[in-house]
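For reference, the chains in residue letters:
Protein chains: 2
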Amino acid sequence: MTGNLDSYSLHAIGIVRSPLEARNRAPNQGSEGAPDAWIELAPSVQDGLDRIEAGDKLIVITWLHESRRDVLKTHLRGDMSLPLTGVFATRSPDRPNPLGLHPVTVLEIVGRELKVGPLEAIDGTPVVDIKPLLRASPDW
Amino acid sequence: MTGNLDSYSLHAIGIVRSPLEARNRAPNQGSEGAPDAWIELAPSVQDGLDRIEAGDKLIVITWLHESRRDVLKTHLRGDMSLPLTGVFATRSPDRPNPLGLHPVTVLEIVGRELKVGPLEAIDGTPVVDIKPLLRASPDW
Numbered sequence: 204m205t206g207n208l209d210s211y212s213l214h215a216i217g218i219v220r221s222p223l224e225a226r227n228r229a230p231n232q233g234s235e236g237a238p239d240a241w242i243e244l245a246p247s248v249q250d251g252l253d254r255i256e257a258g259d260k261l262i263v264i265t266w267l268h269e270s271r272r273d274v275l276k277t278h279l280r281g282d283m284s285l286p287l288t289g290v291f292a293t294r295s296p297d298r299p300n301p302l303g304l305h306p307v308t309v310l311e312i313v314g315r316e317l318k319v320g321p322l323e324a325i326d327g328t329p330v331v332d333i334k335p336l337l338r339a340s341p342d343w
Numbered sequence: 204m205t206g207n208l209d210s211y212s213l214h215a216i217g218i219v220r221s222p223l224e225a226r227n228r229a230p231n232q233g234s235e236g237a238p239d240a241w242i243e244l245a246p247s248v249q250d251g252l253d254r255i256e257a258g259d260k261l262i263v264i265t266w267l268h269e270s271r272r273d274v275l276k277t278h279l280r281g282d283m284s285l286p287l288t289g290v291f292a293t294r295s296p297d298r299p300n301p302l303g304l305h306p307v308t309v310l311e312i313v314g315r316e317l318k319v320g321p322l323e324a325i326d327g328t329p330v331v332d333i334k335p336l337l338r339a340s341p342d343w
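So the sequence lines, in the order shown, correspond to chains A and B.
Each residue of the first sequence is one higher than the one before, counting from 204 in this note's numbering.
Each residue of the second sequence is one higher than the one before, counting from 204 in this note's numbering.
Chain A on its own, in the form it takes in the complex:
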């Protein structure tokens, strides 16, 4: 490996407030019956929300803090009857860097709190970035 495999410090910019409390009861994807949730942004990054409005389609990036980082192969959707598959070919939360990608719609904004949905991340999940969807696409 000739490249530089450094580490980087990711700072939580906010936190998910959700009725979902246990990872094993959370849907695999937002589109599979996940509830709406609030994202509570840190005061230090509130200016980054400027011009975001209800109705916007966003990609929320989370740090799936309860995940295992030492898993490289897994069974799709936890189904042990399926063959082992490399984690980079799956959306498993268990992976070297447990980042979650969540396409959501903004439902309401109150100060530095955003109501979004649907969101399958559990209560207390750290949020690390928010980006606009470049074009609405319900399922990716």
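Be a bit skeptical, because a hint or two may be false.
For chains that are exact copies, the list does not tell them apart, and a pair is met inside one copy or across any two.
As the list claims (entries may be wrong) - Straight-line distance between alpha carbons at most 20 angstroms, and here's what the computed EDC-like set of lysine to aspartate or glutamate pairs gives:
hint	residue 1	residue 2
1	Lys318	Asp239
2	Lys260	Glu311
3	Lys318	Glu224
4	Lys260	Glu243
What the hints contain is simulated information worked out from the structure, not anything from laboratory work.
Following the hints, put chain B in place on chain A, whose structure we already have.
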């Protein structure tokens, strides 16, 4: 803020090898004329590629290592005639956690090296995660 705004250590899992060498000459999005590139994965995560094949649509997540992390408002596409906008409403690489999201197609796999395209990240950009697109959508 009642939540826990911790920091997390993100480890590069690989690196981009691209003919693009300067950030100011890179397209804003892969769909805007970006070249194909190789992703050279670290030996320690090679098993995570299992079952990825040429033709697969993936989302590559990078760490945009040349970005500024102290920027909260920016001009869309660097156009100073446009109003300042919160970075979370833009795809600007300058943001508190400079994660890049890149939808790509796998063109070739040789060992732990993946040829993908199009990719607007510059040569040397660290890769931190790879996920499947849940459904092909060319533009998000």
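Give the relationship of Lys260 and Glu311 under a CA distance limit of 20 angstroms: within one copy only, between copies only, both, or neither.
within (12 angstroms within a copy, 32 angstroms between copies)
Within a copy, between copies, both or neither: which one fits Lys260 and Glu243 at a CA-CA cutoff of 20 angstroms?
For Lys260 and Glu243, only the intra-copy Cα distance (17 angstroms) is at most 20 angstroms; the inter-copy one is 32 angstroms.
Same-copy or cross-copy closeness of Lys318 to Asp239 [CA-CA at most 20 angstroms]
within (7 angstroms within a copy, 38 angstroms between copies)
How would you label the pair Lys318, Glu224 (within, between, both, or neither) given a Cα cut-off of 20 angstroms?
within (17 angstroms within a copy, 40 angstroms between copies)
In summary, this structure violates none of the numbered hints.
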